[in-house]
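Residues in the sequence shown are numbered consecutively from 1, following full-length UniProt numbering.
Treat the hints loosely; a few may be bogus.
Straight-line distance between alpha carbons at most 16 Å, and here's what the computed EDC-like set of lysine to aspartate or glutamate pairs gives [said to hold, decoys possible]:
#1 LYS495 - ASP476
#2 LYS289 - GLU259
#3 LYS47 - GLU65
#4 LYS304 - GLU402
#5 LYS826 - GLU540
#6 LYS452 - ASP319
#7 LYS150 - GLU743
#8 LYS289 - ASP193
#9 LYS48 - GLU32
#10 LYS660 - GLU590
#11 LYS5 - GLU66
#12 LYS136 - ASP103
#13 LYS560 - GLU540
#14 LYS370 - GLU402
Here are the simulated distance ranges between beta carbons [what the hints assert, rightly or not]:
#15 TRP762 - LYS189: 31 to 41 Å
#16 PHE74 - THR105: 37 to 47 Å
#17 ARG243 - ASN578: 27 to 37 Å
#18 LYS701 - ARG243: 28 to 38 Å
#19 SER222 - ASN178: 21 to 31 Å
#20 ASN578 - THR157: 39 to 49 Å
If you are wondering where the hints come from, they were derived from the structure by calculation, not from laboratory data.
Don't be surprised by glycine CBs; every beta carbon is placed ideally from N, CA and C.
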Amino acid sequence: MQIIKRSGTQEEFNPQKIETAIYKSFKSIGEEASAEKLQDIVADITKKLQSAPINTVESIQDTVEEALMSKGFFSAAKSFIIYRQKRSELRTLRIALVTATGDVTLGSVLESIQRDFTEIEYSLSVLSSKFISLSKPSSSVNEQLSSLIKAAVELTTQTAPKFEMIAGRLLSHKFHLNLKAQEDKLNLKTFYDKILYLVNEGLYGEYILKSYSKEDIVKAHSFIRPERDHLFTYAGLDLLIKRYVICNHQHVPLETPQEMFLGIAMHLAMNEKTNRLSWVQRFYNMLSKMEVTMATPTLANARKPYHQLSSCFIDTVPDSLTGIYRSLDNFAQVSKFGGGMGLYFGKVRAMGSAIRGFEGAAGGIIRWIKLVNDTAVAVDQLGVRQGAVAVYLDMWHRDLPEFLQLRTNNGDDRMKAHDIFPAICVPDFFWRQVQDNIDGTWYLMCPYEIHKIKGYHLEDFFGHEFESRYLDCVHDSRIVKRQILIKDLVRLILKSAVETGTPFIFNRDLVNAANPNSHVGNIYSSNLCTEIAQNMSCIETIGKEVVTEDGVVKVVTTAKPGDFVVCNLASLVLGRINVDDIEYLDNIVETAVRALDNVIDLNFYPTPYAKLTNHKYRSIGLGISGYHHLLAKQNIKWESDEHLTYVDKLFERINFAAIKASSAIAAEKGAYSVFEGSDWQTGSYFTKRNYSSPKWVALAKSVATQGMRNAYLLAVAPTSSTSIIAGTTAGIDPVMNKYFLEEKKGSMLPRVAPDLSQNTWWLYKNAHNIDQSYSVRACGVRQRHIDQAQSMNLYITNDYTMRQVLNLYLLAWQSGVKTIYYVRSKALEVQECESCAS
């Protein structure tokens, strides 16, 4: 039996739909309808319909009403009539908007909005009224859809936050509508056709076609779940469309968000030897569900011809002209391909030191840093954004006072470098002096002079050994010292922090005490966003020689590569994962670790030094975003001991899963090259962190036997861009505001905290209103479970005194926090690092 739908199309009669509608009618009046009763009513209705010449949706509903009333079920019949009337009203609203926009395909989207957003504040009548005030009758369909999207965006408020999800659906519809027209124009009927076209246009990596057969690609495409577009907020989808999906040379998008996720997954699984398509599906699922976000370079560049997938790089600048310019060149190459940089300048001689025996000839580090600054501005990634670099210097370096004023507003502008981010490497001994002897004197010295006179590099030592050698240098009259009161140096640091948000803080002794690979190196500094802590060493030039090959004369420079650190980043989106399901969490962590390990082999490296170091250590940085989002969903206040207890257990679980996953990959593919002698192999990693329960003891034994695939595992990046895409809170930060208006191209874009509701409202306390000591203590609790570091910001108001800010620094050091990123004053806007936005 066929029925005629309202659209005029025919459909097979399905009695189950009638049974469901009648069941809901009884349930709405508090009555349970037995299976026998339902079957009896449906049988009666079906019999009547079979005798009718034509059955429409409306006539079927009339028959249902009559059947309920004829059997005496008047209350259920009334409920069905009311339901039918409501459906009619909803349908009328949809038809009105479809007519007004001129888009005949809009109806299904509006129906899904009505189905999923049932609260009265999200009625299409509200959206329609706003749309009418913005639209112009003479506009095209595309312009009308833009007005409809704008209406939903402007309706997003603290009391109606879900309009940002509705706006996201409408944007998705408009995007797909325009993309379909472009695909039809290019005759792209299948995903395989599209990849072929994009490869020929130089927009897609040919390596995908070489690695996967047509059958593989067709199968992979079947993994796509278009409905996952519904997970996007407007801001997230808008950002993804504008910056991440592949566009042609005229900036017209040519892939859907789901195709983007699949393309990334196919790239990351490319070298898998067994169950490759299974890994493609796992990688696609974690990305498309937005349970894991890859770093910005991975999202943007995976599947493309120039597949630079890493976020940040760290170089140790040597004390030589050749070495300094090589580091500048390394930074330029990294910046060219979208990476951020950390440069450690602690080995470069200070102003007034000797050069080739000529006293006072050295110009100090500031002139070199100004060259770094100019390189950041000049190499601007094809005009997209300028390069980003953090420059690190030791607390005892003689040029420190000038270094701390690089970005401040006072002093000689010729000594400024406003486009770099200064950071200082602070030993425990300095913090103890601040704590116990702030009126005392601190001594600043030149690393070149110390090595020349004492025969050792002071920056190579940490903890108590550093302290004894520092004091040995202080008492050696042959070494020129620059004296400064500790309180004056602290004042310089705090003034810069409050005025510019920098310097970043790198607690060098805490970092090196926890270094699982101290048997083969030291960690001098961190990266642009302060979350990476890995072994570093200078690239050394051995010599140059002229060689002739096949009649061609070549000048060959030979260099010892050193440890040039690479950051391969991804983040668990805690606000989107059911972290209480331990098995599911372990699976997600395992999948993310596997993907990051694959990045190492599939990466395009801007310098050969990066490739050598990345393959030596196979280091990764699995972090998190959605931290405040998760706490709010779990009904946990930020300023509570419950917060500290909860995250201690959670991050221990994440760390356990990550170590287990890395060790399992090592058993399959082999351990990183310098695993022997590491804290992983000796078991010191576990004892240092007091991992003594039976499950940890068993894991430690497994690691000693199987090895570790990755020398470093966990690092928490700031995730500024990718957290917007995932519709969650950034990194480990509290929300800046639960609701605010963001200015964007002359208009105001409403932004709301994720899952904002009456239940979560009071749990989303604004960052600047939070007692920062809880943020610092939580960071210390998490740090035990994170082998690298965390991008932690401090949020202060104008009411903070310098002493209060200093106390937060001291509390961070006492709590074992390895690094501090920005100090975000309420009156200060700081530039966020997007290179590390994992």
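Evaluation of the provided hints:
About 32 Å separates the Cα atoms of LYS495 and ASP476, which puts this hinted pair outside 16 Å; it is violated. Taken as a hint, the LYS289 and GLU259 pair is honoured in the structure, with Cα atoms around 13 Å apart against an allowance of 16 Å. Taken as a hint, the LYS47 and GLU65 pair is honoured in the structure, with Cα atoms around 15 Å apart against an allowance of 16 Å. As the CA atoms of LYS304 and GLU402 are separated by approximately 43 Å, the hinted pair breaks the 16 Å bound.
Pair hint LYS826 plus GLU540 does not hold up; C-alpha atoms about 44 Å apart against a cutoff of 16 Å. The hinted pair formed by LYS452 and ASP319 meets the criterion: a straight-line CA distance of about 12 Å does not exceed 16 Å. This hinted pair checks out: LYS150 and GLU743 have alpha carbons roughly 14 Å apart, not beyond 16 Å. Distance hint between LYS289 and ASP193 is unfulfilled; the C-alpha atoms sit about 26 Å from each other, more than 16 Å.
Straight-line distance between C-alpha atoms of LYS48 and GLU32 comes to about 25 Å, which puts the hinted pair past the 16 Å bound. Distance restraint check for LYS660 and GLU590: the Cα-Cα separation of roughly 8 Å lies within the 16 Å cut-off, and the hinted pair is therefore satisfied. Using a Cα cut-off of 16 Å, the hinted pair LYS5 and GLU66 is violated, with the two alpha carbons roughly 20 Å apart. Pair hint LYS136 plus ASP103 holds up; C-alpha atoms about 15 Å apart against a cutoff of 16 Å.
Restraint check for LYS560 and GLU540: satisfied, since their Cα atoms lie roughly 5 Å apart, inside the 16 Å limit. A threshold of 16 Å between alpha carbons decides the hint, and for LYS370 with GLU402 the separation of about 12 Å falls inside it, so the pair holds. Against the hinted window of 31 to 41 Å, the Cβ-Cβ separation of TRP762 and LYS189 comes to about 52 Å, which falls outside the hint. For PHE74 and THR105, the hinted distance range of 37 to 47 Å is satisfied, since their beta carbons lie about 41 Å from each other.
Checked against the hint of 27 to 37 Å, the C-beta distance between ARG243 and ASN578 comes to roughly 29 Å, which is consistent with it. LYS701 and ARG243 have their C-beta atoms about 46 Å apart, which leaves the hinted 28 to 38 Å range violated. A C-beta distance of roughly 25 Å is found between SER222 and ASN178, which places it inside the suggested range of 21 to 31 Å. With their beta carbons about 29 Å apart, ASN578 and THR157 fall outside the hinted range of 39 to 49 Å.
Of the numbered hints listed earlier, those contradicted by the structure are 1, 4, 5, 8, 9, 11, 15, 18, 20.
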